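Novice: Each chain is listed here by its residues.
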Amino acid sequence: MKKNKDVIIETAIFMCGMLSIIFVISIFIFLFKEAISFFWDYNFIKFLIGKNWYPNSNKPLFGILPTIIGSFLVTFGACVVAVPIAVMSALYISEIAPKGVRNILKSLVELMAAIPSVVIGFIGIRTVVPFVKFFFNIPTGLTAFTGSIMLACMIMPTIITISEDAIHSVPWEYKEGAFALGATKWQTVRRIVLKEARPGIIAAVMLGIGRLVGETMAVMMITGNSANIPDSIFDPVRTMTATIASEMGEVVRDSAHYKALFAIGLVLFVITFIVNFIADLFLRKK
Amino acid sequence: MSKIEIRNFNLYYTSLHVLKNINVNILERKITAIIGPSGCGKSSLLRSINRMNDTIEGVHVSGEINIFGKNIYDIGIDVRILRKNVGMVFQRPNLFPISIYENVAFGLKINRIHSKKNAINEVVEKSLKSVSLWDHVKDKLHKSALSLTLEQQQRLCIARVVAVASNIILLDEPCSSLDPIATQKIEELIIYLSDQYTIVIVTHNMQQAARVSHNTAFMLLGELIEFDKTEKIFTNPSMNETEDYVSGRFG
Ligand SMILES: Nc1ncnc2c1ncn2[C@@H]1O[C@H](COP(=O)(O)OP(=O)(O)OP(=O)(O)O)[C@@H](O)[C@H]1O
Ligand SMILES: [Mg+2]
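Going down the list, the sequences are from chains A and B.
Read left to right, the first sequence gives residues 155 to 440 (our numbering).
Read left to right, the second sequence gives residues 66 to 316 (our numbering).
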């Protein structure tokens, strides 16, 4: 009797596992199918490095280079802002804060990770956007820079939580050994703890990047949504995700434009897949 | 001549009174063993001598520990310098997950004893030689320290201490994770090092205390029952408790 139950439960778990794999594969096949039919009519290289995105003109151009640059700028900027602050916070929470404070901070950070990105975008519009416009004296506050700052706020909780786990799991024996040789707390952290926690921290950052690349709502609201190649981070940009989200609603089904959006989706899928794969490699190295 | 004088020393873990009015003089360039049943406070006493107990929350102490006539619990004592001079080897080898070379160089770098590469190389070589590890590892200095056998790891832990410690080495059951042959080799090393270092070794193993030490302290329930020449402790102790313990009647 007991055995039957075990078999049923095991099978159910196995099916669930298989189902998630099947989902990922079918998403990929679906994207791939639509995207491939686009590339029959449109050169792949021209798509990838074309400088103009004019989907609605008489002779439409589907160059996604501006949106690739847009995504890259915002992602890179957000990392530059978020990573140092997040790693320092993780160090503080794990190594310096007293136990009571540590627990409060940990739950707070985890709570912050749950803020929906549309709320982040909304807060950005009301605060950082006018500030950037005023402070840098530029025509609009809707820029790649603004997006980077808000997205940094968005991914910081994730990076903090995962890095904190990595830092916290460095065995006490290592620290004890360092202290016994006369090391200060900071020397121990810098030379032993950070070194040992590095794979975990890198994985945290990669997961953060994965989220950044795929982020849509907040960037659509605060980066200006302009599909031109920016001159600097203080120009409006448009990301790949924002392109799909803002145009999918009005596009004619099965048109070249429609398929081009799927092709962008495929590029995004491949990028996030690679980023997550790298994150996984580092997590496994741990 | 005594190097470490422990005077009316008490230690508490929050409210738990673990060391009770300890008085003992540890002699220079001698091996002193601390024996006693589990939980009697051997490790706590040992860790008081380099103030490693400071790293544990809720520990407080009273009394004095004088090293070279200076109370290490005085205000104004730099704990880092104390820990550099009074090296410690732990129960399980606790090497850093970095290369063999970097493990030995770590203490030199953080204490800014040497900054020039040549000087560091020299001390690393000398330290590894003094624990008879050099010939074995000289061709793989930059391999991970964790690739060594447990015995070699414990040797390397001692080398790491020898590289920076000037005169005192504390060992807390250094052989408890080793097999008998490795244990014998580490014991030989400890005896060899006592030419230059004042050594305090905590051990569960009475034969080990009898084999390596010159003096032995017997502890029970946080008190120091007896301290004397090792020979006397094991053949003709003054206290009944000591007699019972060394003859194996309890513990
Ligand atoms: N961090 C701590 N917090 C609270 N109590 C502790 C702590 N460390 C040790 N103790 C207690 O202090 C007493 C002495 O412990 P200690 O580790 O010094 O004994 P020991 O003689 O070294 O024992 P063993 O032979 O098992 O290593 C024990 O009763 C132990 O439970
Ligand atoms: Mg102990």
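You may find that some hints are simply not true.
Unchecked claim - Cβ-to-Cβ under 10 Å is the rule here; a few derived chain A residues that face chain B:
(1) D195
(2) F198
(3) G331
(4) A334
(5) K349
Said to hold, decoys possible - Straight-line alpha carbon distances no greater than 30 Å define the calculated DSS-like cross-link-like pairs of lysine-lysine that follow:
(6) B/K182 <-> B/K205
(7) A/K260 <-> A/K200
(8) B/K181 <-> A/K349
(9) B/K174 <-> A/K349
(10) B/K68 <-> B/K208
(11) A/K253 <-> A/K200
(12) A/K339 <-> B/K297
(13) B/K182 <-> A/K349
(14) A/K349 <-> B/K191
(15) B/K205 <-> A/K349
(16) B/K181 <-> A/K339
(17) B/K208 <-> B/K182
(18) B/K191 <-> A/K187
(19) B/K181 <-> A/K187
(20) B/K294 <-> A/K339
(21) A/K213 <-> A/K200
To be verified - Distance windows between CB atoms, simulated:
(22) B/K205 <-> A/L202: 45 to 55 Å
(23) B/K205 <-> A/T338: 42 to 52 Å
(24) A/F431 <-> B/E190: 37 to 47 Å
(25) B/P245 <-> A/W340: 52 to 62 Å
In short, the hints are calculated from the structure, not lab data.
Remember, predicted model here, so these are calculated numbers, not experimental data.
Using N, Cα and C, we set each Cβ at its ideal position, and we do this for glycine too.
Novice: Decide, hint by hint, whether the structure agrees.
Specialist: Hint-by-hint comparison with the structure:
1. Look at A/D195: its Cβ only gets to about 55 Å from chain B, farther than 10 Å, so that hint breaks.
2. The closest approach between the C-beta of A/F198 and any C-beta of chain B is roughly 45 Å, which is over the 10 Å cut-off, so the hint fails.
3. A cut of 10 Å between beta carbons decides the hint on A/G331: the least distance to chain B is about 4 Å, and the hint holds.
4. A distance limit of 10 Å between C-beta atoms decides the matter here; for A/A334 the minimum to chain B is near 4 Å, and the interface restraint holds.
5. About 7 Å separates the beta-carbon of A/K349 from the nearest beta-carbon of chain B, less than 10 Å, and the hint is met.
6. Simply put, B/K182 and B/K205 have alpha-carbon atoms about 18 Å apart, close enough for the 30 Å limit, and the pair holds.
7. With a C-alpha separation of about 47 Å, the suggested pair A/K260 and A/K200 falls outside the 30 Å cut-off, and the hint is violated.
8. A hinted pair counts as satisfied when its Cα atoms are at most 30 Å apart, and B/K181 with A/K349 qualifies at roughly 23 Å.
9. For the hint pairing B/K174 with A/K349, the CA-to-CA distance comes to about 16 Å; that is within 30 Å, so the pair holds.
10. Note on B/K68 and B/K208: the hinted pairing is violated, with a Cα-Cα distance of about 38 Å set against a maximum of 30 Å.
11. Restraint check: the Cα-Cα separation between A/K253 and A/K200 comes to about 57 Å, which exceeds 30 Å; the hinted pair is violated.
12. With a C-alpha separation of about 44 Å, the suggested pairing of A/K339 with B/K297 is violated against the 30 Å cut-off.
13. For the hint linking B/K182 to A/K349, the alpha-carbon distance of about 21 Å falls within 30 Å, and the restraint holds.
14. A threshold of 30 Å between alpha carbons decides the hint, and for A/K349 with B/K191 the separation of about 27 Å falls inside it, so the pair holds.
15. Pair hint B/K205 plus A/K349 holds up; C-alpha atoms about 21 Å apart against a cutoff of 30 Å.
16. For the given pair, B/K181 sits about 24 Å from A/K339 by alpha-carbon distance, which is consistent with the 30 Å threshold.
17. Between B/K208 and B/K182 the alpha-carbon distance is near 18 Å, which keeps this suggested pair within the 30 Å criterion.
18. Distance check on the hinted pair: B/K191 and A/K187 sit about 67 Å apart at the alpha-carbon level, beyond 30 Å; violated.
19. Taken as a hint, the B/K181 and A/K187 pair is broken in the structure, with Cα atoms around 62 Å apart against an allowance of 30 Å.
20. Between B/K294 and A/K339 the alpha-carbon distance is near 40 Å, which puts this suggested pair outside the 30 Å criterion.
21. For the hint pairing A/K213 with A/K200, the CA-to-CA distance comes to about 14 Å; that is within 30 Å, so the pair holds.
22. A C-beta distance of roughly 47 Å is found between B/K205 and A/L202, which places it inside the suggested range of 45 to 55 Å.
23. Remark: the range hint 42 to 52 Å for B/K205 to A/T338 is contradicted by a beta-carbon distance near 30 Å.
24. Distance hint check: the CB atoms of A/F431 and B/E190 are about 43 Å apart, consistent with the given range 37 to 47 Å.
25. For the pair B/P245 and A/W340, the beta carbons lie near 42 Å from each other, so the given range of 52 to 62 Å is not met.
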